[in-house]
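Visitor: Just so we're aligned: the sequence shown equals residues 1 to 59 in UniProt numbering.
Careful: at least some of the hints might be erroneous.
Okay, derived cross-link-like pairs now, DSSO-like style, lysine-lysine, Cα gap no bigger than 27 Å in a straight line [unchecked claim]:
#1 Lys57 with Lys32
#2 Lys27 with Lys57
#3 Lys26 with Lys57
#4 Lys57 with Lys29
#5 Lys27 with Lys37
#6 Lys57 with Lys37
Rather than coming from a laboratory, the hints here were simulated on the basis of the structure.
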Amino acid sequence: EQEQEWVEEDALGIYVVIQCSHSGSKKIKRLKFSREKFNEMQARLWWEENRVRIHEKYI
């Protein structure tokens, strides 16, 4: 069976790609940041500040 994958928009310009295995376990595959709203440094800082919240919300 194939893994499922979907995208959640956590906040404006921040997309969380979630993957769910056939056994039901979920993981965050990647984050996507809008280049219009975030440069690389802003994205890194946002992730440092929100990592725990994102894991609690989506995993």
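Visitor: Next step is simple, just say for each hint if it's right about the structure.
Guide: Hints, verified against the model:
With a C-alpha separation of about 17 Å, the suggested pair Lys57 and Lys32 falls inside the 27 Å cut-off, and the hint holds. Taking the CA atoms of Lys27 and Lys57, the gap is near 11 Å; set against the 27 Å cutoff, the hint holds. A distance of roughly 11 Å separates the Cα atoms of Lys26 and Lys57; the hinted pair therefore holds under the 27 Å criterion. Note on Lys57 and Lys29: the hinted pairing holds, with a Cα-Cα distance of about 14 Å set against a maximum of 27 Å.
Simply put, Lys27 and Lys37 have alpha-carbon atoms about 25 Å apart, close enough for the 27 Å limit, and the pair holds. Between Lys57 and Lys37 the alpha-carbon distance is near 22 Å, which keeps this suggested pair within the 27 Å criterion.
Checked against the numbered hints given earlier, this structure breaks none of them.
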